[in-house]
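Listed in order, the protein sequences are those of chains U and F. Just so you know, our numbering puts 134 at position 134 of the first sequence, and the rest follows in order with no gaps. In our numbering, each residue carries its 1-based index in the second sequence increased by 622.
It is possible that some hints are incorrect.
Stated by the list, open to error - Listed below are the simulated DSS-like cross-link pairs for lysine-lysine, each with C-alpha atoms no more than 25 Å apart in a straight line: (1) U:Lys-181 to U:Lys-155; (2) U:Lys-512 to F:Lys-1045; (3) U:Lys-358 to U:Lys-402; (4) U:Lys-288 to F:Lys-815; (5) U:Lys-573 to F:Lys-691; (6) U:Lys-549 to F:Lys-1032.
The hints are simulated quantities; they were obtained by calculation from the structure and are not laboratory data.
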Amino acid sequence: MVEIIIVGGGHAGCEAAYASAKKGHKTLLITSNLNNIADMPCNPHIGGSAKGIVVREIDALGGIMGKVADKTHLQIKMLNSAKGPAVQSLRAQGDKVAYPKEMMNTLKSLENLEIKEAMVEDLIVENQKVKGVILENGEKIESKIVILTTGTYLKADILVGNTRTRQGPHGERPSLFLSDKLRNYGFQIKRLKTGTPQRIDRKTIDFSKTRVEPGDNKYLTFSFDLEPQYKIEDQIPCHLTYTTEETHRIIRENLNKSSMYGALDDIEGIGPRYCPSIEDKVVRFSDKERHQLFIEPESRYYDDMYLQGFSTSMPPEIQEKMVHSLPGFEHAKILKYGYAIEYDAIYPTQLKASLETKILENLFTAGQINGTSGYEEAACQGLMAGINASLKIEGKEPLVLKRNEAYIGVLIDDLITKGIRDPYRLLTSRAEFRLLLRSDNADQRLRKYGYEVGLISEEQMQKLTKKENSIQECLEWLKENKLKITNDVKQVFLEKNIPLPTATMTLEQLLKRPEITVEFLENFITFPYTDEVKEQVEIYLKYEGYIQKAYKEAEKMLKLEKKQIPNDIDYDKVNNIASEARQKLKEVRPTTIAQAIRISGVNPSDISILSVYLKKEYGKDE
Amino acid sequence: MNDTICAIATSQGIGSISIIRISGEESIDIVNKIFKGKDLSKVDTHTIHYGHIIDGEENIDEVLVTIMKEPRTYTKENIVEINTHGGIAPTNRVLELLLENGCRLAEPGEFTKRAFLNGRIDLLEAEAVMDMIDAKTEVQRKMALNQIDGKTSDLINELRSDMVQIISNINVNIDYPEYDDVDIITNDVLIPKITKLRERIQRILKESENGKIIKDGIKTVIVGRPNVGKSSLLNALLQEDKAIVTDIAGTTRDIVEGQISINGILLNMIDTAGIRETEDIIEAIGVEKSRKSMEEADLILLMINNNEELSEDILDLIKEMKEKKYLVLINKIDLETKLDKTQLPVDSSKVIELSILENKGIEELKRKIEELFNIHEIETKDPTYLSNSRSISILKKCLKRVEEIEESIKNNMPIDMIELDIKNIWEELGTINGTTYEEELLDEMFSRFCLGK
Chain U
1 MVEIIIVGGG
11 HAGCEAAYAS
21 AKKGHKTLLI
31 TSNLNNIADM
41 PCNPHIGGSA
51 KGIVVREIDA
61 LGGIMGKVAD
71 KTHLQIKMLN
81 SAKGPAVQSL
91 RAQGDKVAYP
101 KEMMNTLKSL
111 ENLEIKEAMV
121 EDLIVENQKV
131 KGVILENGEK
141 IESKIVILTT
151 GTYLKADILV
161 GNTRTRQGPH
171 GERPSLFLSD
181 KLRNYGFQIK
191 RLKTGTPQRI
201 DRKTIDFSKT
211 RVEPGDNKYL
221 TFSFDLEPQY
231 KIEDQIPCHL
241 TYTTEETHRI
251 IRENLNKSSM
261 YGALDDIEGI
271 GPRYCPSIED
281 KVVRFSDKER
291 HQLFIEPESR
301 YYDDMYLQGF
311 STSMPPEIQE
321 KMVHSLPGFE
331 HAKILKYGYA
341 IEYDAIYPTQ
351 LKASLETKIL
361 ENLFTAGQIN
371 GTSGYEEAAC
381 QGLMAGINAS
391 LKIEGKEPLV
401 LKRNEAYIGV
411 LIDDLITKGI
421 RDPYRLLTSR
431 AEFRLLLRSD
441 NADQRLRKYG
451 YEVGLISEEQ
461 MQKLTKKENS
471 IQECLEWLKE
481 NKLKITNDVK
491 QVFLEKNIPL
501 PTATMTLEQL
511 LKRPEITVEF
521 LENFITFPYT
531 DEVKEQVEIY
541 LKYEGYIQKA
551 YKEAEKMLKL
561 EKKQIPNDID
571 YDKVNNIASE
581 ARQKLKEVRP
591 TTIAQAIRIS
601 GVNPSDISIL
611 SVYLKKEYGK
621 DE
Chain F
623 MNDTICAIAT
633 SQGIGSISII
643 RISGEESIDI
653 VNKIFKGKDL
663 SKVDTHTIHY
673 GHIIDGEENI
683 DEVLVTIMKE
693 PRTYTKENIV
703 EINTHGGIAP
713 TNRVLELLLE
723 NGCRLAEPGE
733 FTKRAFLNGR
743 IDLLEAEAVM
753 DMIDAKTEVQ
763 RKMALNQIDG
773 KTSDLINELR
783 SDMVQIISNI
793 NVNIDYPEYD
803 DVDIITNDVL
813 IPKITKLRER
823 IQRILKESEN
833 GKIIKDGIKT
843 VIVGRPNVGK
853 SSLLNALLQE
863 DKAIVTDIAG
873 TTRDIVEGQI
883 SINGILLNMI
893 DTAGIRETED
903 IIEAIGVEKS
913 RKSMEEADLI
923 LLMINNNEEL
933 SEDILDLIKE
943 MKEKKYLVLI
953 NKIDLETKLD
963 KTQLPVDSSK
973 VIELSILENK
983 GIEELKRKIE
993 ELFNIHEIET
1003 KDPTYLSNSR
1013 SISILKKCLK
1023 RVEEIEESIK
1033 NNMPIDMIEL
1043 DIKNIWEELG
1053 TINGTTYEEE
1063 LLDEMFSRFC
1073 LGK
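Pulled out of the complex, with its shape left as it was, chain U reads as follows (with noise of 0.2 Å):
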């Protein structure tokens, strides 16, 4: 019998497929064409700014999309290079044709998975808990556990102008049902939006008038068990170029044209904040005499160029003059146009932190479908609900990362804590302790729990092993060695205009000035160590100060998460909270104090009389 059902074959279904087939369970991969796995619908690239860091967090974990994209990528680069070790994220421009493929590689490989090509209609439910899924056609396949991974399928309409279509990404079917079923299982339904831009013929486009954006000139990877599968000159470069004011006279001119503007007039969905629209860029920052836009390819395999930053809802006619605009564009054939997409998610807050629904036992969520938007956030939630649908059926405790640990449990936690608005998109302001969630320091953080759940094996353990060790030698070494204060030394000091260290510094003491390098000092001494440990090594050295402080504010963090609330909890019987606080911790139902004080609309005040209140009712210390 089929243990685990995956519905939806997007970067969640992929990631929790591969997470329990892999695990051992019998998985079933349902998707409405199976040529569209792991599709990428709209950007090109993966990874970004805290996206980066979640891809390698879902490697150090075992899970699959940072190798997948390694293998596949375009060109990859390490953005904010010059700022801090911990706002330093990968990014690289996918190949939207070898990525799938390899993906779908990938899952072939798993003797435990096996996938359909189907259209899910509705679930198996008996008394609140699901039991498998019924089919379009009226088929009905039994499970243990269902995870939704619907993306933007449920219910979905395309917008372009003053038409709407309903239909998925593509032109695809969209679910039609599924999420009324749900609305009847007692799901808060709430309709979002987003959008994509047009895809322009690479051959008409003049480059001469952009800007060259090559990736790094350095090998990079997401995963931490790949060696770079590509060369640094072999890299596609992408191209930059603005808008005019011509782009925006053609856009304020015919602004009523668009969907967003008054087009449509039953628009309900709530588009990303971060991610606007060209109309609404124009719109709201009219001082603004021009946008940035990023020509992207999009695989080595055909023409298209993904022209990001110019997303719209205007009809064709509208379009074709807003890209002819453009420098550079003159010329251009615009092969898809771009379009607004609305479709159906639930409210986050009816989740737990484990992915499952409070509503029913055995269904997980995962991805768009919880309000999130981007593949990074996607696979990240696939992979966790994966992981603890898997464990549920082991009959162990859910694996739950903590704000301080992941990106991913700052993800989660945010969508079961505090709902969301709009499309969630993941950013590094989101994170409290940032400092210690870096993409450098991902497998030190993560890999002991992709380890204790099975999907990181013994050998890739003993690796990290050798590296944390590795990591304390050299600071030992550093501690131990001084410079020697020869004549050439001095030279290059003094060249540099940094000042001369005492011959009784050691290693340690120089690397913890703000002006000196591992890479300086390599000048004069030989480090026996490798580039990942001298790496961390000095991000331990230079940034030791703000390290411990943020290890401090864990603490305390992590003080008030071991103050649990009971779930039996009854807010009503909580006498003088403010009204607002009151519905939202009923809604959200808190499992610690931490997460109340977390909650939007929930004031200290709130949370004193909640800690006096369970001091008083259950007798231990909060």
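Start from chain U and add chain F according to the hints.
Then chain F, alone, in the frame of chain U:
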């Protein structure tokens, strides 16, 4: 559910009536049990009723009872206030009766704590209420009122909103690193912003010092050799202002033995006992004692004798007090001048000649004190600043952090590291008006509150 608490809300034994306050769901029922008069359970809210407090058959006191039903009350709970006759005995008797009938004695500050917890007032306001109760002068009252109005909160919020703009801009830079059409905050751009922030915090702190003077008064000590006239000066000052002469332990740890109001600012005379004792004690001990008091004082009044030559120990004292605000008083100008004023190593504007015996120079002394502390300015200005030491110490901590940021910028720390520091200060500032949740803070704050409100 909250239990019902009670306490005597007025100073015990002073004044012609005492008020006992009861707050909690059962407060009306409990008072009704010991009240002879109308049935209090049936009266309208916010009404006053005449009657007697009884213990069985025995009449304890003739009282007026105010009934205020929730939620329009100070604590947002049912509140009853009993006005008894002033004496300690009957008031305590009524209190005991309440305790016997189901009330619990309120902990220090518990009424205000309930008002805060029930969402009626924010943290700064809660502190202000306590200040209000203690207000002895008009300026103090105005300042406390401002704080209750949330004006001080606004001051902090303003500071925070400036910071949040910097923080969000840096965050946009971090999260959208590829966009070059957003202002990029670099360390160079940040420097003037941080300088401005530092200056603003410094200004608030400086003004808050005035606020502290309004609230706590000026700790004043009179030093000088025996028989120079210290106690005469004290008596002269005190006599002029009998209305507020008290002999109580003050709010601070120091023993305040006399309070004098100068244009609404309190002069707290400390170590007056020392003065009186030293009149008879040998010189050495007297000087030693003076030194100790000087350390604690905000204002030192050094008294020397016009009829004596300047001695070494006086010169030593002058050296020691130069760090503080001080005035040199030359007493006994009615006697023959043996003192050579030109030998005094102080500015002549700090010197006042007086004769306490002939009541000369006292007014000038007061005027000089006013000048020294800008009392006129303090009094006329809109007194919106932080006046309690918790807020001030948080602000001082923030100032230190801002200085650390300036250091980090000098050391070329990456901007995202600096942002962490700025955010930290922003959060810290939030604890001043309770925007940030800090449980320890609540405990510390409320244990400091005075009993009864």
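Tested hints:
{"no.": "1", "hint": "U:Lys-181 to U:Lys-155", "verdict": "12 Å, holds"}
{"no.": "2", "hint": "U:Lys-512 to F:Lys-1045", "verdict": "24 Å, holds"}
{"no.": "3", "hint": "U:Lys-358 to U:Lys-402", "verdict": "20 Å, holds"}
{"no.": "4", "hint": "U:Lys-288 to F:Lys-815", "verdict": "24 Å, holds"}
{"no.": "5", "hint": "U:Lys-573 to F:Lys-691", "verdict": "20 Å, holds"}
{"no.": "6", "hint": "U:Lys-549 to F:Lys-1032", "verdict": "20 Å, holds"}
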